[in-house]
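Chains as they are written, first to last, in the working numbering: chain A, -6 to 324; chain B, -6 to 324.
Hints listed in this document are in silico derivations from the structure and should not be mistaken for laboratory results. Idealized CB from N, CA, C, for every residue including glycine. Mixed in with the good hints there might be a few duds.
[Claimed, not checked] To list a few chain A residues with every Cβ distance to chain B over 10 Å, as calculated:
id	residue
1	A12
2	H79
3	G98
4	E112
5	A174
6	D221
7	P248
8	R251
9	R255
10	A259
11	R260
12	M275
13	A307
[What the hints assert, rightly or not] Simulated crosslink set (SDA-like; lysine to any residue; CA at most 25 Å straight-line):
id	chain 1	residue 1	chain 2	residue 2
14	B	K161	B	K19
15	A	K52	B	A199
16	B	K230	A	A13
17	B	K230	A	D270
18	B	K230	A	A193
[As the list claims (entries may be wrong)] Just some of the chain B residues that point at chain A, by a computed CB distance under 10 Å:
id	residue
19	F58
20	Y252
21	R260
The residues making up each chain are set out below.
Number of protein chains: 2
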Amino acid sequence: MTDSNRVWHLKSRPNGLPAADNFEMKALPAPALEEGWIRVENKFLSVDPYMRGRMNDVKSYVPPFEIGAPLEGGAVGKVVESRSPHFREGETVFHMMGWREAAAGPAEKFNKVPPMPVEDHQWLGNLGLTGATAYFGLLRVAQAKEGDIVFVSAAAGAVGSAVVQIAKAKGMTVIGAAGGAEKVAWVRELGADAAIDYKAEPIVPALMREAPNGIDVYFDNVGGDHLDAAFAAARQKARFAICGMIEGYNGAPPPAFRYIMRVIAARIRVQGFIYTDYLPEMGDFYRDMGGWVASGQVKSRETVRDGIEAMPEAFLDLFRGANMGKMLVRV
Amino acid sequence: MTDSNRVWHLKSRPNGLPAADNFEMKALPAPALEEGWIRVENKFLSVDPYMRGRMNDVKSYVPPFEIGAPLEGGAVGKVVESRSPHFREGETVFHMMGWREAAAGPAEKFNKVPPMPVEDHQWLGNLGLTGATAYFGLLRVAQAKEGDIVFVSAAAGAVGSAVVQIAKAKGMTVIGAAGGAEKVAWVRELGADAAIDYKAEPIVPALMREAPNGIDVYFDNVGGDHLDAAFAAARQKARFAICGMIEGYNGAPPPAFRYIMRVIAARIRVQGFIYTDYLPEMGDFYRDMGGWVASGQVKSRETVRDGIEAMPEAFLDLFRGANMGKMLVRV
């Protein structure tokens, strides 16, 4: 345990694509523990596209980050000091005080990991925010079921790769889109029935070719032309789960939709969601996903950067498509 | 009853906005009645935007019109000859053999009007396709309920004017958009709490002003910038019923959406529909809407053109926004 704690702060709000100088690392003294608090040494920090939204000064589903204040995000670590009867030294916890080396606070801000034989970082990936987003988005929001034809964008990303594998575990046909030959090859390895390289060809005709009978479900991580392709290919009563629109996070021009009118004739249902809407059902998620991860039926891949210093660049790399699977920083 | 029957045919497929020379009227001999058939003299022909879609050679929820073949559409008329035990001369029926002076065919292609004290043309409007579209779209698809704030586009049109009045009958707050001072005044007369003239000011800031607390429901007849405004103003768990996108029917450039990303944070549900999905529930519709129409709580206004010759121009006028309420041709 260190006496000081390096913490990334928001120095200025990005205008469009974020840049390194929007972030500032400061060493803060480690606070004394109050009664009921614990101190955690972070092992892994989560790096997620949704964090971009909180850097704007707009009300959304979570409050915006404040300029000059510490950034937040998922993290997993070990308890190193406890003044709470609920935690013991050495226990593994996950929590939202990421972007820093160590976290201290009231016990209720930390969650013990469930007793499962998986590696620590999984609590930020397939057994954390991204896995739960994939699970609830596919099975609850889109109500995908055995036999459905599922299209998923950013299929080599943390959420998308989980969607591909959950869909296969549940007996669906899966078409994934990703950018570049290496990602596409990995999407196939994950079990996708077809994979489209959207950097090599336009997405609309590619999807029409790979899904000649149309799609029942679209899991959207991207928005823009991928969403338009899904409109074009949707079968009757298709369901779209809208989880992210990374194309639009950094002030790109507003996307145009050539096929949106198909919403009517095909009775498409488009539904936005945040995985926290399903927190009461986390038991189902841990049971299913925990089993698949422990058995190896759902695999993960991580893009890991080392050291707290690497955090902003890891974040910027998300928008350059530099990650395969889950982006993490190992502290 | 005439010996010949003038029938509008599709002469060529429109490319973009339809024009008069896409249509051709031919006088066909009145067919002999087969056993089980009836003959109907049409009184009113329905003129609807959705007909434009059937003029394209693409598969949709109804098959396309064939070049050189008679056009079809809603119509109401009187039985003038019957070889069916189910119909008597003089009965009023509605059916889909519009665009013509008289219709003949097997009895199962015709529907007797329910026994209600309303004028004949209502079976093509508030008690027909447009009223049912408004009723099921608002109450079933969008699940609008008392206390909701409802935004409706094309609020002076046949469907939109019914939406405004049903919403008020059910205790909702209603904001309608229409083009031009006369239409806006009528939307207010119908009971809307606020009305926006989209020709006088941009729709997004106007809606933000009229709905400072946001909207729970959007009933879309228009698509494009009206839909984008609804994305901008949507409250948590807003429901959008997508009924028509008249802006896009004639090959306009694909609409761009600046606020579509709000689908995620606001958990918006967007659902396309066709009123025929709710045919098994027509009993509810006749009970509620029949009562409102008979009592005068739901009013209608018609833009009526006279004579079978007027049919194509009436249709083209829909896309010029020339109609107030339901567009009809009186044969």
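TODO: Hey, is A12(A) genuinely clear of chain B, shortest beta carbon separation above 10 Å?
DONE: Non-interface label on A12(A) holds, nearest chain B Cβ at 21 Å vs cutoff 10 Å.
TODO: May I ask you to check that R255(A) keeps its beta-carbon over 10 Å from the closest beta-carbon of chain B?
DONE: The claim is violated: R255(A) sits with its nearest Cβ about 8 Å from chain B, within 10 Å.
TODO: Just double-check E112(A) for me: nearest Cβ-Cβ distance to chain B has to come out over 10 Å.
DONE: 30 Å, holds
TODO: Classify the label on P248(A) as holds or violated, using whether its beta-carbon is more than 10 Å from each beta-carbon of chain B.
DONE: 6 Å, violated
Task: 10 Å Cβ clearance of A307(A) from chain B - done: 23 Å, holds
Task: Non-interface claim for G98(A), where every Cβ of chain B lies beyond 10 Å - done: Non-interface label on G98(A) holds, nearest chain B Cβ at 26 Å vs cutoff 10 Å.
- [ ] Taking the shortest Cβ-to-Cβ distance between R251(A) and chain B, state whether it exceeds 10 Å.
- [x] Violated: least Cβ distance 4 Å, not greater than 10 Å.
Task: Status of the hint placing F58(B) at chain A (closest C-beta pair under 10 Å) - done: Constraint on F58(B) not satisfied, violated at 15 Å.
- [ ] Please settle this one: R260(A) was flagged as non-interface, so is its CB more than 10 Å from every CB on chain B?
- [x] 5 Å, violated
Open item on the list: Can you verify the interface hint for Y252(B): is its Cβ closer than 10 Å to any Cβ in chain A?
Closed with: Check passed: Cβ of Y252(B) comes within 8 Å of chain A, closer than 10 Å.
Task: Beyond 10 Å from each Cβ of chain B, as asserted for A174(A) - done: A174(A) is indeed farther than 10 Å from all Cβ atoms of chain B, at 29 Å.
Open item on the list: Need the status of pair K52(A), A199(B): alpha-carbon distance at most 25 Å?
Closed with: 20 Å, holds
Of the numbered hints given earlier, the model fails hints 6, 7, 8, 9, 10, 11, 14, 16, 18, 19; all others are met.
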